[in-house]
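**Student:** Each protein sequence line maps, in turn, to chains A and B. Read the first sequence against the working numbering and you will find it ends at 711, with the numbers running on by one and no gaps. Read the second sequence against the working numbering and you will find it ends at 711, with the numbers running on by one and no gaps.
Since the hints were made in silico from the structure, they are not lab data. Be a bit skeptical, because a hint or two may be false.
Which residues of chain B face chain A? A partial, calculated answer using Cβ under 8 Å [stated by the list, open to error]: (1) 504; (2) 570; (3) 596.
With a straight-line cut-off of 25 Å between C-alpha atoms, the simulated SDA-like cross-links for lysine to any residue are [stated by the list, open to error]: (4) 417/B - 591/A; (5) 523/A - 482/B; (6) 507/A - 502/B; (7) 499/A - 502/B; (8) 477/B - 586/A; (9) 499/B - 523/A.
Ideal Cβ positions, reconstructed from N, Cα and C, are used throughout, including at glycine.
Number of protein chains: 2
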Amino acid sequence: MPHLQRRELIQGSVAVAAIAALHTSRVYAFPARPGEKIVEWLDKLPPNPVPEVIKNQLVWERLDSWVTPNDKFFSIAHFNRPVIDESTWKLEIDGMVKKPMALTLADIKARPRQEVTFTIECSGNTGLPFFNGGIGNARWAGTPLAPILKEAGVLDSGIEVVFWGADEGEIKRADEVKFKQNFARSMSVAEAMDPKNILCYEMNGAPLPPDNGFPLRLVAPGWYGVANAKWLKRIDVRDQRFENRFMGRDYVTLREEDHKGETVWVETSVGRARLKSAPARVTQVGSNYRIVGAAWGAPVDRVEVKIDDGPWMPATIDHTEEAEFAWKMWSLDWPKPPAGEHTVTSRAIDTSGNIQPAMSDPWIAKKHTYWESNGQVTRRIQIG
Amino acid sequence: MPHLQRRELIQGSVAVAAIAALHTSRVYAFPARPGEKIVEWLDKLPPNPVPEVIKNQLVWERLDSWVTPNDKFFSIAHFNRPVIDESTWKLEIDGMVKKPMALTLADIKARPRQEVTFTIECSGNTGLPFFNGGIGNARWAGTPLAPILKEAGVLDSGIEVVFWGADEGEIKRADEVKFKQNFARSMSVAEAMDPKNILCYEMNGAPLPPDNGFPLRLVAPGWYGVANAKWLKRIDVRDQRFENRFMGRDYVTLREEDHKGETVWVETSVGRARLKSAPARVTQVGSNYRIVGAAWGAPVDRVEVKIDDGPWMPATIDHTEEAEFAWKMWSLDWPKPPAGEHTVTSRAIDTSGNIQPAMSDPWIAKKHTYWESNGQVTRRIQIG
Numbered sequence: 328m329p330h331l332q333r334r335e336l337i338q339g340s341v342a343v344a345a346i347a348a349l350h351t352s353r354v355y356a357f358p359a360r361p362g363e364k365i366v367e368w369l370d371k372l373p374p375n376p377v378p379e380v381i382k383n384q385l386v387w388e389r390l391d392s393w394v395t396p397n398d399k400f401f402s403i404a405h406f407n408r409p410v411i412d413e414s415t416w417k418l419e420i421d422g423m424v425k426k427p428m429a430l431t432l433a434d435i436k437a438r439p440r441q442e443v444t445f446t447i448e449c450s451g452n453t454g455l456p457f458f459n460g461g462i463g464n465a466r467w468a469g470t471p472l473a474p475i476l477k478e479a480g481v482l483d484s485g486i487e488v489v490f491w492g493a494d495e496g497e498i499k500r501a502d503e504v505k506f507k508q509n510f511a512r513s514m515s516v517a518e519a520m521d522p523k524n525i526l527c528y529e530m531n532g533a534p535l536p537p538d539n540g541f542p543l544r545l546v547a548p549g550w551y552g553v554a555n556a557k558w559l560k561r562i563d564v565r566d567q568r569f570e571n572r573f574m575g576r577d578y579v580t581l582r583e584e585d586h587k588g589e590t591v592w593v594e595t596s597v598g599r600a601r602l603k604s605a606p607a608r609v610t611q612v613g614s615n616y617r618i619v620g621a622a623w624g625a626p627v628d629r630v631e632v633k634i635d636d637g638p639w640m641p642a643t644i645d646h647t648e649e650a651e652f653a654w655k656m657w658s659l660d661w662p663k664p665p666a667g668e669h670t671v672t673s674r675a676i677d678t679s680g681n682i683q684p685a686m687s688d689p690w691i692a693k694k695h696t697y698w699e700s701n702g703q704v705t706r707r708i709q710i711g
Numbered sequence: 328m329p330h331l332q333r334r335e336l337i338q339g340s341v342a343v344a345a346i347a348a349l350h351t352s353r354v355y356a357f358p359a360r361p362g363e364k365i366v367e368w369l370d371k372l373p374p375n376p377v378p379e380v381i382k383n384q385l386v387w388e389r390l391d392s393w394v395t396p397n398d399k400f401f402s403i404a405h406f407n408r409p410v411i412d413e414s415t416w417k418l419e420i421d422g423m424v425k426k427p428m429a430l431t432l433a434d435i436k437a438r439p440r441q442e443v444t445f446t447i448e449c450s451g452n453t454g455l456p457f458f459n460g461g462i463g464n465a466r467w468a469g470t471p472l473a474p475i476l477k478e479a480g481v482l483d484s485g486i487e488v489v490f491w492g493a494d495e496g497e498i499k500r501a502d503e504v505k506f507k508q509n510f511a512r513s514m515s516v517a518e519a520m521d522p523k524n525i526l527c528y529e530m531n532g533a534p535l536p537p538d539n540g541f542p543l544r545l546v547a548p549g550w551y552g553v554a555n556a557k558w559l560k561r562i563d564v565r566d567q568r569f570e571n572r573f574m575g576r577d578y579v580t581l582r583e584e585d586h587k588g589e590t591v592w593v594e595t596s597v598g599r600a601r602l603k604s605a606p607a608r609v610t611q612v613g614s615n616y617r618i619v620g621a622a623w624g625a626p627v628d629r630v631e632v633k634i635d636d637g638p639w640m641p642a643t644i645d646h647t648e649e650a651e652f653a654w655k656m657w658s659l660d661w662p663k664p665p666a667g668e669h670t671v672t673s674r675a676i677d678t679s680g681n682i683q684p685a686m687s688d689p690w691i692a693k694k695h696t697y698w699e700s701n702g703q704v705t706r707r708i709q710i711g
């Protein structure tokens with residue numbers, strides 16, 4: 328495995344230990360008990376009406392690993408799903424830069440390697456009835472973006488960095504103008520320069536799968552999925568604020584905010600992820616049940632679980648595997664639940680004391696778009 | 328005049344000299360000749376179909392002063408034109424700040440005074456057949472914005488500053504959601520912190536007229552008109568990118584850009600002004616004609632004028648009155664032009680050597696929206 332050899336060469340025994348942990352995580356890292364069986368949720372998703380857009384949703388009942396395997400990882404494509412020939416592909420860096428660049432995949436792989444374990448959630452996840460599996464956690468590897476931007480030399484007039492994908496479709500604006508456009512998202516120069524951002528070519532130790540952006544995607548830890556542009560072809564520094572479908576019209580949250588008793592309707596672009604948790608599955612060993620779930624989107628301090636209309640009960644966070652931008656697994660034992668139908672709800676609390684909002688919280692209830700639906704998730708289950 | 332006394336108190340004799348210059352500018356600062364008469368342009372604007380939106384366009388033939396008098400200054404209102412009671416009005420500063428503030432007009436006037444002479448152009452000006460007078464130059468006075476933001480204490484999570492006006496209307500989005508919203512525009516925190524930005528309460532020595540934002544507007548030198556929000560009521564620091572009608576859907580320029588032979592359709596938000604010039608009027612003394620015009624939007628180095636399909640001829644910049652963000656007046660003598668119909672075109676060249684584009688330049692010709700129409704302006708005239 329030349330890839331492993333290369334990693335050993337670069338990172339030595341720490342990398343080997345990390346790889347070992349990765350390959351064993353499916354066995355040891357999940358709050359599981361011998362002989363347990365899964366109790367399926369009663370609530371099932373209606374059929375996905377847009378299978379070409381949303382592929383391979385996470386099946387929460389099957390969640391049994393901290394890292395989501397590549398073949399179980401969700402994928403979103405707004406236009407086509409380009410199949411890119413690595414031998415002719417190049418990444419261009421241009422626009423308001425002193426020294427435009429064009430990098431091959433070999434050029435990018437020859438640069439310093441950086442890994443991050445990051446749970447990516449689609450900002451539409453749980454905002455639509457057929458969509459609750461737009462989330463997954465992977466170990467992403469690539470090279471940091473900032474040194475490349477510094478090498479290209481962003482001009483003082485450059486205020487934004489636009490990430491262009493190879494995926495392309497027809498755009499029709501409200502003014503009826505139609506044109507073809509590649510997927511693109513922008514960030515401010517300061518946001519793009521975040522040392523955590525990587526130009527990612529590897530997902531869980533394998534080349535980036537075609538559905539997840541082969542040969543290269545942006546991985547921007549802490550941002551919703553849409554910002555992590557796939558199938559990158561060009562990084563374009565601009566002197567004006569970029570406003571395409573995915574910045575100014577789509578992926579725009581509309582919310583009623585209360586301002587001293589007055590309602591203010593506010594529209595904002597989907598950006599950094601929000602605090603969230605969800606029950607994943609319930610398992611049973613005899614009459615002893617266990618609720619397992621995940622929490623993510625902000626530095627999670629603790630998770631609480633509510634059964635039916637009962638009190639909030641503290642869940643136990645599993646510390647076997649953790650990373651700054653990865654979801655945390657939690658569990659709550661539920662001994663001898665009464666037979667019948669029950670609801671299970673979770674809420675995460677971050678390290679600043681912010682609580683994941685209830686669905687009835689104005690923050691969620693007065694949101695008029697499905698984006699950023701970080702309200703508490705309630706699942707239904709039949710016992711006995 | 329208590330106002331003058333106050334200025335003298337604060338700024339001393341420099342201010343007095345400036346005021347003196349202001350009050351005499353209409354007489355001395357314009358490239359005029361004794362006994363001249365105005366030759367009207369043949370091309371006249373069709374009737375303004377939106378008189379409630381666009382009021383009081385500049386009549387170029389009547390332009391005879393460097394500073395545009397308040398009663399001749401254009402005004403744009405996207406919604407209503409609010410009439411605000413100064414005695415109850417307050418400016419709120421809140422959102423992602425340590426110390427929210429509410430300032431009365433007296434509070435604002437008691438803060439350090441700053442003036443700027445700035446030519447504001449509507450970014451739609453000359454982009455629509457009925458609209459070529461959305462421009463004017465005024466001496467704006469107010470207090471710098473940055474120290475107020477510093478006093479309020481922008482939190483690290485704050486990335487944008489939203490300027491909310493008191494003007495309000497119904498918004499209907501492409502997704503058919505309808506709601507009421509006040510006019511608002513946003514800037515990045517860094518852009519808002521520009522020491523040149525002022526919270527402006529005075530226009531050419533008088534209180535801000537109701538149509539130009541009484542009691543307070545933002546004056547952001549170097550930005551197109553839309554950024555200079557009028558009738559300010561609230562300054563709201565946010566942790567997400569703001570995307571309302573005026574940021575993400577309207578005032579968005581759509582342009583075909585050539586990228587190595589491939590056409591890339593790019594949408595950007597109207598922001599900083601662009602290099603531009605226009606012929607203002609032609610005057611006649613006997614058989615000696617003179618073309619007078621203005622140039623603005625970037626640091627202007629020189630202006631050239633073309634008559635019919637002739638060569639570009641250097642115009643003379645009038646240095647009587649100049650300021651960094653104000654238009655420059657220029658003139659070109661045109662002795663004994665042949666009788667008949669002629670065209671007059673001007674182009675400005677900035678200090679970096681950029682030339683105001685021709686209407687046939689791809690920069691303009693491949694622009695599909697009327698915003699940022701900084702192409703060369705051609706006027707038609709009949710001699711003899």
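**Student:** Evaluate each hint against the coordinates.
**Tutor:** Right, here's what the structure says about each hint:
1. The restraint placing residue 504/B at the interface with chain A holds, with a minimum CB-CB distance near 6 Å, inside the 8 Å limit.
2. For residue 570/B, the interface hint holds, since its Cβ comes within 8 Å of a Cβ in chain A; the closest pair sits about 5 Å apart.
3. Interface hint at residue 596/B: satisfied, since its Cβ lies 4 Å from the closest Cβ of chain A, which is below the 8 Å cut-off.
4. Our distance criterion of 25 Å between C-alpha atoms is met by residue 417/B and residue 591/A, whose separation comes to about 17 Å.
5. Restraint check: the Cα-Cα separation between residue 523/A and residue 482/B comes to about 21 Å, which is no more than 25 Å; the hinted pair holds.
6. Annotation: proposed proximity of residue 507/A to residue 502/B holds, straight-line Cα distance about 21 Å (limit 25 Å).
7. Between residue 499/A and residue 502/B the CA atoms are separated by roughly 13 Å; this keeps the pair inside 25 Å, and the hint holds.
8. With a C-alpha separation of about 22 Å, the suggested pair residue 477/B and residue 586/A falls inside the 25 Å cut-off, and the hint holds.
9. In summary, the hint linking residue 499/B to residue 523/A is not supported, as the alpha carbons are separated by about 38 Å, beyond the 25 Å threshold.
Consistency with the previously given hints fails for number 9 only.
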